[in-house]
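Engineer: This is what each chain is made of:
There are 2 protein chains.
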Amino acid sequence: MNKPIRRYIQIYTGNGKGKTTAAIGQAIRAAGHGLRTFIVMFMKEHRYGELQSLQHLREWITVEQYGNDNFVFSKQSPGDQDRALARQALKRAREAMLSKQYDIVILDEVCVTTYFKLLDDVLPLLDEKPDEVELILTGRYCPQEWIEKADLVTEMQEIKHYYQKGVQARKGFES
Amino acid sequence: MNKPIRRYIQIYTGNGKGKTTAAIGQAIRAAGHGLRTFIVMFMKEHRYGELQSLQHLREWITVEQYGNDNFVFSKQSPGDQDRALARQALKRAREAMLSKQYDIVILDEVCVTTYFKLLDDVLPLLDEKPDEVELILTGRYCPQEWIEKADLVTEMQEIKHYYQKGVQARKGFES
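Chains as they are written, first to last, in our numbering: chain A, 1 to 175; chain B, 1 to 175.
Extracted from the complex, chain A is given alone in its bound form (with noise of 0.2 Å):
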């Protein structure tokens, strides 16, 4: 008899560069063994490099975004329809992990979600969990209850950053 699959709960948290790219990296090299990958982004709208290059991926990867990130620039704060998108991408991830579909599914930048005020329940999410799905959470200012739950915690620490340098964002490197 095989053994079950048993899979875990991934978060990548902390002010450095390299928390998405390492859950795109971590689906690309999952593809590589045919496993299947559900990406779910939150607020985040802005046609990102790698949402091109995963078509040419989509055997294996789905990616869906969700909201955007303008009242983070402008200084407000979040409105209903960042809610309601939150909470959108949050039944969509939830929905992926329950549909015995997908080996991996993503939670990008969902931390921050948290931080804003935009959902409080992600934590149940982490509770319902099947075995057999590996969870990926990112994003600055993961709550201390999500690191409890997680079997693996990385900090990207900065310590240098090109922005500190008055380097723009840059196409193909932050987007």
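Derived from the structure by calculation, the hints contain no laboratory data. Possibly wrong hints are sitting among the right ones.
Since the list gives no way to pick out one identical chain from another, each pair is judged satisfied if it fits inside one copy or across any two copies.
Straight-line C-alpha distance at most 25 Å; calculated SDA-like pairs for lysine to any residue [as the list claims (entries may be wrong)]: (1) LYS44 to LYS117; (2) LYS149 to GLU59; (3) LYS165 to LEU126; (4) LYS165 to ASP131; (5) LYS160 to TYR115; (6) LYS3 to ASN68; (7) LYS171 to ILE147; (8) LYS165 to ASP151.
Remember, predicted model here, so these are calculated numbers, not experimental data.
Using the hints provided, position chain B relative to the given structure of chain A.
Structural biologist: For chain B alone, kept in the frame of chain A given last:
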């Protein structure tokens, strides 16, 4: 007149998971904007899942592997062949960097080669970097002098790792 392109040196180091995957994810993001990446993997001979997946993006991303890390696991000192392969990998990275064919050159696990004294001359490569090429170096034990030369450095800190609970490396996740 177009502003000349100015690209940078990025380093992903530390003991946490996510260094190689972040570099791969960066190549994926860049490919979506038509940028070309050359990846040299040091001390790796295993057929990591990403090698298979990246075939689908071979128009933008080229990968070459040199060496293996058997000597690490067997707790032996690296031999002449290990040093020769690391040297060859560095030579290929340098050729790619100077070829004007690539926007990004990734030296995956190169930091580790220095720790094991496989190479002692990576620093001059950083000085030779043409403005229009982004160099990305990954691996634990990054020497301080490289960090000083870099423009962006993220330390992946292990907060929690499932290895600590006895989970073995898994296909699609670690390999």
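Engineer: Could you run down the list of hints and mark each one as holding or not?
Structural biologist: Hints versus structure:
1. Taking the shortest Cα distances, LYS44 and LYS117 sit within 25 Å of each other inside one copy (16 Å), while across copies they are farther apart (43 Å).
2. With identical chains, the CA atoms of LYS149 and GLU59 are never at most 25 Å apart, being 31 Å at best within one copy and 40 Å at best between copies.
3. With identical chains, the CA atoms of LYS165 and LEU126 are at most 25 Å apart between copies only, with a shortest distance of 19 Å across copies and 39 Å within one.
4. In the homo-oligomer, the alpha carbons of LYS165 and ASP131 lie at most 25 Å apart only across protomers (16 Å), although the nearest pairing inside one protomer, at 45 Å, exceeds that limit.
5. Taking CA atoms no more than 25 Å apart as the test, LYS160 paired with TYR115 passes in both settings, with 24 Å inside one copy and 21 Å between copies.
6. Taking the shortest Cα distances, LYS3 and ASN68 never come within 25 Å of each other, neither inside one copy (42 Å) nor across copies (30 Å).
7. Taking identical chains as interchangeable, the C-alpha atoms of LYS171 and ILE147 lie at most 25 Å apart only when they sit on different chains, with a minimum of 24 Å there against 32 Å within one chain.
8. For a Cα distance limit of 25 Å, the shortest separation of LYS165 from ASP151 across copies, 9 Å, qualifies, whereas the shortest one inside one copy, 36 Å, does not.
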